[in-house]
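Following the hints, position chain D against chain P.
Protein chains: 2
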Amino acid sequence: MTRSVNVAIIGSGVVGSAFITQLANLQTKNLAFNTIYLARSSKEALYNTDYKPVDLFTYKQEPAKPVLGLDELTTFLVGAHRPTILIDNTSNETIANHYPQFIKAGISIATPNKKAFSSALQTWNDIFSAAEQDGAGLVYHESTVGAGLPIIGPLKDLVLTGDRVETIEGIFSGTLSYIFNQFSTPEASKVAFSDIVTTAKSLGYTEPDPRDDLNGLDVARKVTILARISGFEVESPTSFPVESLIPKELESVASADEFLQKLPEFDAQIQQLKDDAFNNGQVLRFVGKVDLKNNKVSVEIGKYPFDHPFASLKGSDNVVAIKSHRYPNPLIIQGAGAGAEVTAHGVLADAIKIAERIAN
Amino acid sequence: MTRSVNVAIIGSGVVGSAFITQLANLQTKNLAFNTIYLARSSKEALYNTDYKPVDLFTYKQEPAKPVLGLDELTTFLVGAHRPTILIDNTSNETIANHYPQFIKAGISIATPNKKAFSSALQTWNDIFSAAEQDGAGLVYHESTVGAGLPIIGPLKDLVLTGDRVETIEGIFSGTLSYIFNQFSTPEASKVAFSDIVTTAKSLGYTEPDPRDDLNGLDVARKVTILARISGFEVESPTSFPVESLIPKELESVASADEFLQKLPEFDAQIQQLKDDAFNNGQVLRFVGKVDLKNNKVSVEIGKYPFDHPFASLKGSDNVVAIKSHRYPNPLIIQGAGAGAEVTAHGVLADAIKIAERIAN
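Line by line, the protein sequences are chains P and D.
First residue of the first sequence: 1, per our numbering; consecutive thereafter.
First residue of the second sequence: 1001, per our numbering; consecutive thereafter.
Simulated from the structure, these hints should not be mistaken for laboratory data.
Beta carbons: idealized from backbone N, C-alpha and C, even for Gly.
Be careful, since some hints might not be right.
What the hints assert, rightly or not - So the derived label-pair ranges between C-beta atoms look like this:
hint : chain 1 : residue 1 : chain 2 : residue 2 : range
1    : D       : 1101      : P       : 72        : 48 to 58 Å
2    : P       : 188       : D       : 1328      : 20 to 30 Å
3    : D       : 1280      : P       : 295       : 40 to 50 Å
4    : P       : 186       : D       : 1128      : 42 to 52 Å
5    : P       : 156       : D       : 1328      : 25 to 35 Å
6    : P       : 243       : D       : 1329      : 18 to 28 Å
7    : P       : 32        : D       : 1081      : 20 to 30 Å
Said to hold, decoys possible - Listed below are several chain D residues computed to face chain P (Cβ distance under 7 Å; list not exhaustive):
hint : residue
8    : 1001
9    : 1332
10   : 1334
Chain P on its own, in the form it takes in the complex:
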């Protein structure tokens, strides 16, 4: 007997379209996914008032309707009287803030959107207390940290089965992983920090304005999520020390281009830091840390010996090391932590887990 769920997808950008392709090609035994709503942009959506499924192979060409507002969308989805998963493949904060309403209406959520989980603590509490009510939807968000790497699920498993997390330490930005892996190596190297940032931008590894990576806020959001899962109620991603890699003098220059032009003037300082570390047999890495013993969270430049797992990181890989009562030698998970395919498969794996629980 095949069980089925309804699916509503918001977003068909880089991650969104990878997700749609993976879902279209999904082969699950005894489990069917009917996409009854697909917002392919912030303005256009595909759906049928009789809930006839959208064709995931032709969604780009089909004639579209205006997107439904979030309340309208809730009413539309609930009206199908079927178990429903909302896939939010955006980084939109308004949608994120609506999660508690979706969940209370019985709609489950699978998403890589960090906003809902890493903003004010109140939003986090609203989401997870809503999810505990009878008839509420489920919430899975593996891809909010490290893309498809198995981090959120295994960490929740540890906590739920009674382990005591002591520290979490990791490299959570693909962009900053790439920059520091290039800049600071166990082999002597003289390449300038600003040159690597410029190269990273030209390779498409950074945000359009690299300062959006260098300010450390994306890392702070991920660390906030991991801390909260571990039981440390971080108030917000700006409520703890976050080291910015943007020189103070360049915070307010008008454009990304001007920023990159002036960045070389500040190379000497970080070069000194790197040389000092190198002379001590260490590399620099941009890390997020959660210290549950001392109730401390931080985002900073850390120093690691040449034989540390963080020192041998390749490309733009992410890595997380979880020390706990059961894992005094840390549990380490490492691999691509950004990219459309791996982010999408994390979301799809979550959607399958939800479907296994709610499909009928």
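Using the frame of chain P, we list chain D on its own:
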């Protein structure tokens, strides 16, 4: 509304008793586990014909009944007319061979017992085809490889969401990890292989007869499981090359003591291998490999450069590196791969996942 499942536990050895303690202390919202059967040895079990739950805090002291045979047990569990999870915390092959019957009867299984998944391919097929039938039980076995490390689940997620696994390579024996991490290091060392084996035995890291670790069969079983999940239908754990660390001349000596006495006579050969590797900037590690491109599986002594993640492994940690279409830089998972607490929490996390799907 609290949903509940019935639980039947077989085994209260090292892993089994850790599991029982974790389950007894489990705090899950809206989810209750009723242990209606607990076999505390191969002879004694606790259960009540009216299905009144067994007390997990006092199970060692309670008066026991003789264990139920596997058919009787099935009848007893099915008679409760409730969703039921069987926890097999043994390494018993007879119980493993009965899994298809349990599953067909609607009983789900969570287990660290490798036997069912790593023996004849027919048993594997029987289990997973039974699990696809209407009303069948579910099967989760995270702790069969790497104890509680998240390996089986994430690998199944990759395959299910359409990734193509290319190679899996790893260190899957805590005992052999310890022995090789001590023996072959990026720093020069002259300690003899036989001395490390003797120390490992005295620390309780080996089986009573260390040859049961050194023959590589435990690693072969784990590699068989990973290969099958990845879509490579390995016939049995003895159907591919497995390098044994037992010198041929010592395979048939009568006792473990005699084996350890004579092992030093064979130190020179493996010492030479280690010295050659060291002079090439490499360490030796005992690894299992699955090569999906060339349909090859093997267990062997591998050589890895000093800066490879396998070279910096600590203690008795396990590690697995999964290369796939989506992870050309491998996905690496590393940490304690043996031990009662981490094995038990892997089983408990599986039991929770099953309960989330079947409880009512």
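Here is what the structure says about each hint:
1. Evaluation of the 48 to 58 Å hint for residue 1101 of chain D and residue 72 of chain P yields a pass: the beta carbon distance comes to about 51 Å.
2. A hinted range of 20 to 30 Å for the beta carbons of residue 188 of chain P and residue 1328 of chain D is consistent with their spacing of about 28 Å.
3. Distance hint check: the CB atoms of residue 1280 of chain D and residue 295 of chain P are about 47 Å apart, consistent with the given range 40 to 50 Å.
4. Checked against the hint of 42 to 52 Å, the pair residue 186 of chain P and residue 1128 of chain D passes, with Cβ atoms roughly 45 Å apart.
5. Roughly 28 Å separates the CB atoms of residue 156 of chain P and residue 1328 of chain D, a value that falls within the hinted 25 to 35 Å.
6. For residue 243 of chain P and residue 1329 of chain D, the Cβ-Cβ distance of about 26 Å falls inside the hinted range of 18 to 28 Å, so the restraint holds.
7. Checked against the hint of 20 to 30 Å, the pair residue 32 of chain P and residue 1081 of chain D passes, with Cβ atoms roughly 29 Å apart.
8. Proximity of residue 1001 of chain D to chain P holds as hinted, the smallest CB-CB distance being about 5 Å (cut-off 7 Å).
9. Evaluation of the residue 1332 of chain D hint against chain P yields a held restraint, the C-beta minimum of about 4 Å falling below 7 Å.
10. The beta carbon of residue 1334 of chain D comes within 4 Å of a beta carbon in chain P, closer than 7 Å, and the hint placing it at the interface holds.
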